[in-house]
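Start from the sequences, fold in the hints, and give me the full structure.
Those protein sequences? They're chains A and B, same order as listed.
Residue numbering for the first sequence is 39 to 151, as defined by this note's numbering.
Residue numbering for the second sequence is 4 to 121, as defined by this note's numbering.
Rather than coming from a laboratory, the hints here were simulated on the basis of the structure.
Be careful, since some hints might not be right.
[As the list claims (entries may be wrong)] Below, simulated DSS-like cross-link-like pairs (lysine-lysine); rule was C-alpha separation at most 30 Å, straight line:
no.: 1; chain 1: A; residue 1: K95; chain 2: B; residue 2: K113
no.: 2; chain 1: A; residue 1: K47; chain 2: A; residue 2: K95
no.: 3; chain 1: B; residue 1: K113; chain 2: A; residue 2: K47
no.: 4; chain 1: B; residue 1: K116; chain 2: A; residue 2: K47
no.: 5; chain 1: A; residue 1: K47; chain 2: B; residue 2: K52
no.: 6; chain 1: A; residue 1: K95; chain 2: B; residue 2: K116
no.: 7; chain 1: B; residue 1: K64; chain 2: A; residue 2: K47
no.: 8; chain 1: A; residue 1: K95; chain 2: B; residue 2: K52
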Amino acid sequence: DSGVTQTPKHLITATGQRVTLRCSPRSGDLSVYWYQQSLDQGLQFLIQYYNGEERAKGNILERFSAQQFPDLHSELNLSSLELGDSALYFCASSVDSGTYEQYFGPGTRLTVT
Amino acid sequence: AQSVTQPDIHITVSEGASLELRCNYSYGATPYLFWYVQSPGQGLQLLLKYFSGDTLVQGIKGFEAEFKRSQSSFNLRKPSVHWSDAAEYFCAVGALMNYGGSQGNLIFGKGTKLSVKP
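This is the structure in structure tokens:
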């Protein structure tokens, strides 16, 4: 158990809908990262937050957004969902920004039908 | 651009045999390197990391990896594989920091799936 929690574990929704994925980092970690894992693209970095502020953006679509709250939990919002958004979404956390040593949650499997 | 290459998509070894998983990286400076393992339906677990110093690093579950700058490689090894080692293994490099050094995301290879024969 990495100490990073993600909810829900599974999510099935229809095209065009909007969903919110939630992540709680390890106790004491200030930085949260979101990654998408799909069969064709592999593990892709989406976005990073540090202590409530956005720090880095990767291959994140404009339909996707995230935030980190004062209690340091983070939410990833996916809207206007398409079939291609079906993937495993991981959250990871680290002590601070730039340390690279990240601990991953169990992931949320999103299925868009 | 930074990248990580894992040349082997799938490897099968017999239980008790030795294992080496290959990883090559492309990076403009001294890299921070990682190996993660993902069991079916699970998240990624950090096996080991290299930041600097001794080029042979020890990790959990009996794994080790050797950083070879001249070959841009960071291969993962285990002397004797157990059936429970069957999983997918990912090599990753820390992304080059932007100005100010506040970025910390990882760039992953495509992964190597390990199967273990009894």
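Going back to the hint list, which numbers does this structure go against?
Per hint list: zero violations.
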